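According to the working numbering, the residues represented by the sequence shown are 1074 to 1308, in order.
If you're looking for bench data, these hints aren't it; they were derived computationally from the structure. Heads up, a few of these hints could be off.
What the hints assert, rightly or not - Within a straight-line C-alpha distance of at most 25 Å, the following computed SDA-like cross-link-like pairs (lysine to any residue) qualify:
#1 Lys1189 x Asp1089
#2 Lys1189 x Asp1168
#3 Lys1189 x Gly1167
#4 Lys1189 x Thr1091
#5 Lys1189 x Glu1106
#6 Lys1189 x Phe1166
#7 Lys1189 x Asp1110
#8 Lys1189 x Trp1172
#9 Lys1189 x Leu1218
#10 Lys1189 x Leu1170
#11 Lys1189 x Thr1137
#12 Lys1189 x Arg1174
#13 Lys1189 x Pro1257
#14 Lys1189 x Asn1256
#15 Lys1189 x Leu1135
#16 Lys1189 x Gln1269
#17 Lys1189 x His1101
#18 Lys1189 x Gly1302
#19 Lys1189 x Pro1253
#20 Lys1189 x Leu1199
#21 Lys1189 x Tyr1107
#22 Lys1189 x Gly1247
#23 Lys1189 x Arg1273
#24 Lys1189 x Thr1111
#25 Lys1189 x Pro1254
#26 Lys1189 x Arg1100
#27 Lys1189 x Pro1086
#28 Lys1189 x Arg1156
#29 Lys1189 x Ala1090
#30 Lys1189 x Ser1233
#31 Lys1189 x Gly1276
#32 Lys1189 x Phe1108
#33 Lys1189 x Thr1103
#34 Lys1189 x Asp1216
#35 Lys1189 x Thr1109
#36 Lys1189 x Trp1159
#37 Lys1189 x Thr1171
Only a predicted model underlies this, so the values are computations on that prediction, with no experimental measurement involved.
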Amino acid sequence: MPPAPYPVLSHQPLGDATTHHIRAGYRHRTTVEYFTDTTDDDVTWQPDVYPYAATLAEHSGLDTLIDLGCGRAGKLAALASERPDWMYIGVDFGDNLTWCRENHAFGQWIDADLEKTEYLPLAPDLLRRSVVVCSDVIEHLLDPLPLLALTRNLLSDGASVAVFSTPAREFRSGYDAPGPPRNPSHVREWAGDEFQALLRARGFEIHYAGVTRSDDASHGLSTQLVTVGLPEVRR
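Given the sequences, and given the hints that come with them, work out the whole structure.
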């Protein structure tokens, strides 16, 4: 993945915890509908995130992916066809998870609302074989803090690293775009420095931060990709 070639920085300071570190003046949505993972086109969104997570796992000798906010798990299914001996754990709720249980012959499917869940019933020996991926989910959540707490707890209990992707606002609408996002299912979108500030404030150590393709049609680099762990002293 290329390093993030950030545009001219905003003159505004970063926000604080009350704005999830997004700059002052940005308008966050206060309501949002449940996101059903369906599409009628042939575009693959964030096509490189899951292969990147799988490569991280392979390089560390791991064989399990935990997908937080898996939707209908199409990208997990693609990986499962290439690596059928791996373990795949999809986490979601509502219609998306029901669809996964009814249509996928692989994987373990855990029912969890990511705005309310901070722990998952997963054994430590499984977590020690795992990479966590959360691809373009956090921007859909009114309250992202339970998801971040869940990710921290998975890492604390043994998962190797976590991979986040989320829109990079500076590449889509600009650092000082007033919000809310054009996508009506997004509550907010972070610029790269804002999202990294949020992650650090929640106790993560950033291993890598860059940008990746948003889709395989335009190939535009407007999605941020961040790999995190925990500081060694806190493990």
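How the hints compare with the structure:
1. Lys1189 x Asp1089: Since the Cα atoms of Lys1189 and Asp1089 sit roughly 22 Å apart, the hinted pair holds (cutoff 25 Å).
2. Lys1189 x Asp1168: Cα-Cα ~17 Å, so holds.
3. Lys1189 x Gly1167: Satisfied, since the Cα-Cα distance of roughly 14 Å is no more than 25 Å.
4. Lys1189 x Thr1091: Since the Cα atoms of Lys1189 and Thr1091 sit roughly 19 Å apart, the hinted pair holds (cutoff 25 Å).
5. Lys1189 x Glu1106: holds, 16 Å
6. Lys1189 x Phe1166: Holds: Lys1189 and Phe1166 sit about 11 Å apart, inside 25 Å.
7. Lys1189 x Asp1110: Within the cut-off at roughly 20 Å; holds.
8. Lys1189 x Trp1172: Distance of about 21 Å is within 25 Å: holds.
9. Lys1189 x Leu1218: holds, 9 Å
10. Lys1189 x Leu1170: Distance ~16 Å between Lys1189 and Leu1170 Cα, so the pair holds.
11. Lys1189 x Thr1137: holds, 24 Å
12. Lys1189 x Arg1174: holds, 21 Å
13. Lys1189 x Pro1257: Status holds; Cα separation ~22 Å.
14. Lys1189 x Asn1256: Roughly 23 Å between the alpha carbons, so the hint for Lys1189 and Asn1256 holds.
15. Lys1189 x Leu1135: Given pair Lys1189, Leu1135 is violated - Cα atoms ~28 Å apart, limit 25 Å.
16. Lys1189 x Gln1269: holds, 22 Å
17. Lys1189 x His1101: holds, 20 Å
18. Lys1189 x Gly1302: holds, 22 Å
19. Lys1189 x Pro1253: Holds, because 23 Å separates the two Cα atoms, which is no more than 25 Å.
20. Lys1189 x Leu1199: Holds: Lys1189 and Leu1199 sit about 23 Å apart, inside 25 Å.
21. Lys1189 x Tyr1107: holds, 14 Å
22. Lys1189 x Gly1247: violated, 31 Å
23. Lys1189 x Arg1273: Holds, at about 21 Å.
24. Lys1189 x Thr1111: holds, 24 Å
25. Lys1189 x Pro1254: With a Cα-Cα distance of about 23 Å, the restraint between Lys1189 and Pro1254 holds, given a limit of 25 Å.
26. Lys1189 x Arg1100: holds, 23 Å
27. Lys1189 x Pro1086: Between Lys1189 and Pro1086 the Cα gap is close to 30 Å, so the pair fails against 25 Å, i.e. violated.
28. Lys1189 x Arg1156: Cα-Cα ~32 Å, so violated.
29. Lys1189 x Ala1090: holds, 19 Å
30. Lys1189 x Ser1233: OK: Lys1189 and Ser1233 at ~23 Å, within 25 Å.
31. Lys1189 x Gly1276: OK: Lys1189 and Gly1276 at ~19 Å, within 25 Å.
32. Lys1189 x Phe1108: With a Cα-Cα distance of about 16 Å, the restraint between Lys1189 and Phe1108 holds, given a limit of 25 Å.
33. Lys1189 x Thr1103: It holds: about 17 Å lies between the C-alpha atoms, which stays within 25 Å.
34. Lys1189 x Asp1216: At roughly 9 Å apart (the allowed maximum being 25 Å), Asp1216 and Lys1189 satisfy the hint.
35. Lys1189 x Thr1109: holds, 18 Å
36. Lys1189 x Trp1159: Violated, at about 28 Å.
37. Lys1189 x Thr1171: holds, 19 Å
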